[in-house]
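Input sequences plus hints: build the corresponding full structure.
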Amino acid sequence: MRRILPLFITRRLKISCPLPQLDFDVITLGHGSGGLLTNKLLESGVFDLLKNPLLDTHHDGAVFEMPGRLAFSTDSYVVSPIFFPGGNIGELAVNGTVNDLAMCGAAARYLSLAFILEEGLTMREFWDVLVSIKFAAEHAGVQIVTGDTKVVERGKGDKIFINTTGIGQVHPQANIAMGNIRPGDKIICSGYIATHGIVIMSVREGLEFGTTLLSDTTNLNHTVLHLLDAFGHDITLLRDATRGGVATVLNEIARDTRWGVEIHQKTLKVYEEVDGACEMLGLDPLYVANEGVFLAVVRPDAAEAILQKLRTLEHGADAEIIGEVVDAHPKQVVLHSRVGGRRVVNMLAGEQLPRIC
Amino acid sequence: MKFLNEYRDPHLVEQYTQEIRRVVTRPWKIMEVCGGQTHSLVKNGLLQLLPPEVTMVHGPGCPVCVTPLHLIDKAVWLASRPGVILCSFGDMIRVPGSRRSLLEAKALGADVRILYSPLEAVKIAQENPDKEVVFFAVGFETTAPANAMSVLHAQKLGVKNYSILTSHVLVPPAIEAVMSDPETAIDGFLAAGHVCAIMGISEYYPIAEKYQVPIVITGFEPVDLLQGILMTVRQLENGEHRVENQYSRVVLPDGNPAARNIIGQAFDITDREWRGIGSIPGSGWELRTEFSDFDANKKFNVPLEKAPESSVCIAGQVLKGIKKPFECPEFGKKCTPSNPLGAPMVSSEGACAAYYHFSSLVA
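If you're matching them up, the sequences are chains S and D in order. Taking my numbering, the leading residue of the first sequence gets 1, the next gets one more, and so forth. Taking my numbering, the leading residue of the second sequence gets 1, the next gets one more, and so forth.
Don't read these hints as lab results, they were simulated from the structure. Hints may be right or wrong, so weigh each one.
Derived lysine-lysine pairs resembling PhoX-like cross-links, with alpha carbons at most 25 Å apart [to be verified]: (1) D:K323 with D:K333; (2) S:K269 with D:K2; (3) D:K106 with D:K131; (4) D:K334 with D:K324; (5) D:K43 with S:K331; (6) S:K331 with D:K334; (7) D:K160 with D:K43; (8) S:K156 with D:K106; (9) D:K131 with S:K156; (10) D:K43 with S:K266; (11) D:K43 with D:K299; (12) D:K156 with D:K123; (13) D:K156 with D:K298; (14) D:K123 with D:K106; (15) S:K331 with D:K2; (16) S:K269 with D:K43; (17) S:K266 with D:K2.
The following block contains the structure:
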């Protein structure tokens, strides 16, 4: 029922990529100096781990040719703690940018990878992050072709910050644009929502609660590209529901298209443990972050076929049609509650905060 | 989830709404006292399921909303002092003070931590003996036992660097304040189920009698709320004014004596100022004098002037059900959830915020 892939990767990496023998076990300011220590860090195994012809040139940047329409996206990753059940910041950084490109209808080809490390990070932790980056990139079929490492003083970072920037080729059938959305279009959600955010909360200092949940972090590109192969012209929008959750994506659709959006609570899938944690913490799963869930807005006459296809794909087995675009209540998202009531689902004013009672 | 899903059953919801429609013959204004009930009515879209005769008025039971501005200023001031760790429940930290919120103070370097339990704050105090740890002890009777427990616990452990900034408020005096206003228009009350789970139900008999008003102790799930509303409407239609307990699966007539005992050990009744309403006699708790060392109000000398509330805000009238939020000239204009001028717009449980989220919903 839950994603086991990230854990599988993490386990495999420990067997196949042991921490190299080094004469240092902690990152210090010198490792970001650009001098000998930086070289030592990179040559210690980083380059070998991420090996590919473009990276192997050790040049200031990667030089390559790419045909066709391109998509280009960047994102920074600051998750805390950096290791969490089901994943870590490394695979999140790869998957996140790969997914952003996928949501543009593009197959990610090349990534840049920039670290800001905090002095005092152990080499063990850094290595584990790197190894999961390697496997996440392999799984997504993307190459890391350029990068950067900086080190900041202790207290000025939070172990590791990562930026990845990616470039990808847009699928020839892709026709993704807010402007294409019309009333009547159906909204598909690819799976169980709110898992990642709750997993992160469960391991936050001061909030720890026991759970067997794993983060849903994964690369969605293969699933999305298969969908585009078959139904490119019928898909008007793809969006991964990361920060701010499903509600934020729906609000962006309503705001930017000036149409209304209606969703049906009973079609939203939430694991019972996630639902329980949300009850306990006073959070609404609609606003909780996901890392492996996307929404697709699709033409109504193709919706059922798209749904059935999606359910056969790697990350779409639990997909559902959760709502539709309507011409009533422009710019508003309205939820039909499980018990038959209606309410407006607004954009969050800020971070979702637990309620007192 | 067991014990929740049963109370979210669409068929039961339908049955109760039909029964309310069948029973009601005249307009009634029913106040749900607790912000948690407001939140549930809004979240589940229950307001549209009610017949037009039944108007729900969102009461003052939102601890975030009724915490006085100057107390938030005090918390911000304390948090901004070097050497202080200010701990708070989550939704207090975004509430604007007269100058800034705890969230902004945090961004400027204050050590503000969101906790789920005040006992966690005692632990933080033990781990940081060189810091003063202050817990912003806000809430109704529900959060009081844990807050009291934290002080008793700290005393037992000999933790000297822990204190609480109390703003505890009580439900029965608030109901009295609403009912004793000559302009008030409330016909019946849904009392807060979890408050009664602690306090029991005996406090409500004299109120129901004095103001000739039905009081139904009600839970928080859709079926709870609709059943509570039905029980209230039935009483009103029959001209009755009894105390009834809808939430009997949780609320015992005597409440929770162990919790009340802990409250009694730590707290004394005091007059309390309610944001948007003003001072209500005997409507709060403060730490007993023997716990002065744990009372942040006494431990720290906070040199702050009392900041005035917005002069245009009609919160008092809204919280008493005299006016609807949209009858305020600034509603949705200058006053919005992201820039609240007054208490009820502050939290999603507040009356104005609840209406704000609904007002534009095309029926």
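Structure-based check of each hint:
Only pairs whose Cα atoms come within 25 Å are accepted, and K323 of chain D paired with K333 of chain D is accepted, the gap being roughly 17 Å. Taking the CA atoms of K269 of chain S and K2 of chain D, the gap is near 17 Å; set against the 25 Å cutoff, the hint holds. Our distance criterion of 25 Å between C-alpha atoms is met by K106 of chain D and K131 of chain D, whose separation comes to about 16 Å. Among the hinted pairs, K334 of chain D with K324 of chain D is consistent with the structure: their alpha-carbon atoms are about 17 Å apart, no more than 25 Å.
Proximity of K43 of chain D to K331 of chain S is assessed by CA-CA distance (about 19 Å); at most 25 Å being required, the pair is judged to hold. Proposed proximity of K331 of chain S and K334 of chain D is supported: the alpha carbons are some 21 Å apart, at most 25 Å. A threshold of 25 Å between alpha carbons decides the hint, and for K160 of chain D with K43 of chain D the separation of about 42 Å lies outside it, so the pair is violated. At roughly 16 Å between alpha-carbon atoms, K156 of chain S and K106 of chain D fall within 25 Å of each other, so this suggested pair holds.
The suggested pairing of K131 of chain D with K156 of chain S holds, with an alpha-carbon distance near 21 Å, which does not exceed 25 Å. Proximity of K43 of chain D to K266 of chain S is assessed by CA-CA distance (about 14 Å); at most 25 Å being required, the pair is judged to hold. Proximity of K43 of chain D to K299 of chain D is assessed by CA-CA distance (about 41 Å); at most 25 Å being required, the pair is judged violated. Annotation: proposed proximity of K156 of chain D to K123 of chain D holds, straight-line Cα distance about 13 Å (limit 25 Å).
Using a Cα cut-off of 25 Å, the hinted pair K156 of chain D and K298 of chain D holds, with the two alpha carbons roughly 20 Å apart. For the given pair, K123 of chain D sits about 21 Å from K106 of chain D by alpha-carbon distance, which is consistent with the 25 Å threshold. Restraint check: the Cα-Cα separation between K331 of chain S and K2 of chain D comes to about 37 Å, which exceeds 25 Å; the hinted pair is violated. The hinted pair formed by K269 of chain S and K43 of chain D meets the criterion: a straight-line CA distance of about 17 Å does not exceed 25 Å.
Distance hint between K266 of chain S and K2 of chain D is fulfilled; the C-alpha atoms sit about 17 Å from each other, no more than 25 Å.
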